[in-house]
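Kindly produce the complete structure, drawing on both the sequences and the hints.
Line by line, the protein sequences give chains C and P. Quick note: the first sequence, position 335, residue 335 per this note's numbering, numbers continuous. Basically this note's numbering = 1-based index in the second sequence + 1000.
There's no promise every hint is true.
Claimed, not checked - Each computed DSS-like pair below joins lysine-lysine, with the alpha-carbon atoms no more than 30 Å apart:
#1 P:Lys1151 <-> C:Lys223
#2 P:Lys1120 <-> C:Lys335
#3 P:Lys1331 <-> C:Lys166
#4 P:Lys1120 <-> P:Lys1130
#5 P:Lys1112 <-> P:Lys1065
#6 C:Lys170 <-> P:Lys1331
To be verified - If you anchor each label on the Cβ, the simulated ranges turn out as follows:
#7 P:Arg1071 <-> C:Lys115: 55 to 63 Å
#8 C:Asp58 <-> P:Ala1088: 36 to 44 Å
#9 C:Arg298 <-> P:Met1260: 23 to 31 Å
#10 P:Val1266 <-> C:Arg149: 48 to 56 Å
#11 C:Gly123 <-> P:Gly1256: 34 to 42 Å
#12 P:Thr1124 <-> C:Glu127: 56 to 64 Å
What the hints contain is simulated information worked out from the structure, not anything from laboratory work. Where is the CB? At the ideal position from N, CA and C, for every residue including glycine.
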Amino acid sequence: MYSFVNVHKRYGLRTVALRKLNLDIRQREFFVLYGPAGAGKSTILNLIAGTTKPTSGDLLRNGHSIVHLPPERRGAAMAFENYALYSHLSVAENLAFPLRAQGIVKAEVEERVRKIASVLGIGHVLERRPGFLSGGQRQRVALGRAIIRPADIYLLDEPIGHLDAKLRHKMRAELKALAEDMHATVLFTTTSNKEALALGDRVGVLNSGRLEQVGTPHELYHKPANTFVGSFIGDPPMSFISVSVEVDQGNCKLRTADGRIIGRMDTPPPTNATLKLGIRPNAITLSDTEMPETIPGRIDVIEHLGHSKIAVISAGKDNISVSLPAASPARIGDKVWMAVNSSGYHVFANETAIQRGIN
Amino acid sequence: MARITARKLIKRYGAVQAVHGIDFDIADGEFVAILGPSGCGKSSTMRMIAGLETISDGDILFDGKPVNDIRARDRNVAMSFENYALYAPITVYENIAFPLRSSGMDESEIDKQVRSVADKMELTAILGLKPGALSSGQAQRVGLARALVRKPAVFLLDEPISHLDTRQRYRMRRFIKSIHQEFRHTMIYVTHDQEEALALADRVMVMSDGEIQQLATPDEVYSRPANAFVAGFVGEPPINFLDFQSDGDRAIIIEGNRIMLSDHHVSRLAEIGTKGVAAVRPHFLSLGENSTVKFLGIGFITEELQDHNEIFVDIGKTRVSLITPPNQRVKRGEAVSISINPEHLLLFPTQ
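Here it is, written out as structure tokens:
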């Protein structure tokens, strides 16, 4: 297990890369760091690899500080985003390099190179040099070189981010199966919502150097801790609308800016808090006539996504995304009434999620 | 505003031909996405429309008039690139005003135009900032605003949002769509991202190897792809391909399973011959024996994705993926049945 204890990381005087990070990466888990560019994902990898040091705080492996250890004694294997392959060696020799350095016999080296190349779909380019490969092939060689040898932890920095969509889809499944087979501990970074949810046993959501939430993909999607996680997990993204609360005999009604009831909660929210409702696009039912507890709107945009569509509906100052089946007859300009399914929305007070109770 | 026509359009770079004599017609005010992998000829095509590349052979016409010999700056075309090349030493306001100043517009009119476009692109609050202080999403909106403020007849966008995160991409898509709805330029959007193309465009031009594979509405390229390339390139998760052999003229065999075909498939099979590929979307496969046509497979991986699961299963030597409700899973190596409604099969000749 690797543990970050109150780790701060600054680059220079002003750039804060990580703020008070406390995080455990457990044995044999596939942990995904997910966040926008510049959130601090690569910094976390580099701290474990030993290519950079924390400004303050401690980093432990199985309870012992490793901050003072050189990179080669950290037990980490890393695939770099910029590949860092040996240009004068063939793909096979690049893959074999970490094994030869450990003195493994030739026949076994060849067997392992052949197997990993086959899993990664680069078996046919083993004799080529990196300069003669496509970007996607180079990325797979870099990934292969990182995972070919045993390591306490594999650090994979957006290892499939540069592949085309079809290959990324295929490699995602291969990587997950491979990690299971190897009983590997993996720390994987991505900016893709889908990769994070598909791969992670647990996912840490990072934003500007702050760890916003750690949980299983299911927890993050169904119980986002705050508006950032709510907006960043889920595709299409959650819509937010401002609401006010009206307490009526212990039953709290949530009203939109123009006074319509849109939801309810059991426990009153903190007084004077700014309240927002976060609504998933699949949690809204449209009708073309007014019903109780619906809000009116107009369809401004319709986006085709193949198997489904997204309608963007303006309601007063708010814009709300709604998922529709591909065959939906909805058209731009339609006036519609939106009902929010009671299980499909989240309430945030001052950007932090609060419990709604049983309603 | 302009209608754009290409006739036998060819682009050669030395001995290499990148665009092989394509024809298309884009209506005035239409929004067309040119979609394809890198090297398919999409950027060459767009750059010939913009006048940034010479036309090797054939013609491009704006409103029926050839523009082959008209310089880029005289075509009234605006272009926004992925690397939005803002002028670093001057403010956002001055960046947007720049194309207007060079056209000699008077100061009060410039101010009006800049503020109007800034308001639409939600840039009013950052007009005083310099490009270095902007987020990438903001910088892109400034790039778009600068292109828009010239009120071009044709607006070309080259992968403008491919590197943004999910939230920013949705937001930028809304901007681009609302710009089009408001100004009704003829808009051409070049991308390798099928989701962007489907979401934004009135019609999608799918290109591969310098040829147009299909030019049709998003619904048509998704539901009725013209060939196996289009079927494989459009759709997320990607469509599944399974090799088939014909068995008489009314049935096919896939991995040892005999499938009876309906009438429209029968005529299709007659065109294709004895061998081909059957394609089926992951949404149209289901776990279990709930249809007359089923395959035996071996479970590989289950991915849990927000409100559904994606399951990978090996049918013989072919790996397929299927979308299931969130409660369904397969274990590694587990024997499972996969059902398919044969109506949803698409048949293509082997590539």
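Evaluation of the provided hints:
A threshold of 30 Å between alpha carbons decides the hint, and for Lys1151 (chain P) with Lys223 (chain C) the separation of about 46 Å lies outside it, so the pair is violated. A threshold of 30 Å between alpha carbons decides the hint, and for Lys1120 (chain P) with Lys335 (chain C) the separation of about 23 Å falls inside it, so the pair holds. For the hint linking Lys1331 (chain P) to Lys166 (chain C), the alpha-carbon distance of about 23 Å falls within 30 Å, and the restraint holds. Restraint check: the Cα-Cα separation between Lys1120 (chain P) and Lys1130 (chain P) comes to about 19 Å, which is no more than 30 Å; the hinted pair holds.
Taking the CA atoms of Lys1112 (chain P) and Lys1065 (chain P), the gap is near 33 Å; set against the 30 Å cutoff, the hint is violated. With a C-alpha separation of about 18 Å, the suggested pairing of Lys170 (chain C) with Lys1331 (chain P) holds against the 30 Å cut-off. Distance hint for Arg1071 (chain P) and Lys115 (chain C): a CB-CB separation of about 57 Å, consistent with the stated range 55 to 63 Å. For the pair Asp58 (chain C) and Ala1088 (chain P), the supplied restraint of 36 to 44 Å holds, since their beta-carbon distance comes to about 40 Å.
In this structure the hint that Arg298 (chain C) and Met1260 (chain P) lie 23 to 31 Å apart at CB is violated, the actual value being about 47 Å. For the pair Val1266 (chain P) and Arg149 (chain C), the beta carbons lie near 55 Å from each other, so the given range of 48 to 56 Å is met. Here the CB-CB span from Gly123 (chain C) to Gly1256 (chain P) is close to 27 Å, at odds with the stated 34 to 42 Å. Separation of Thr1124 (chain P) from Glu127 (chain C) is about 58 Å and conforms to the stated range, judged on CB atoms against 56 to 64 Å.
Taken one by one, the earlier hints fail for this structure at numbers 1, 5, 9, 11, listed in ascending order.
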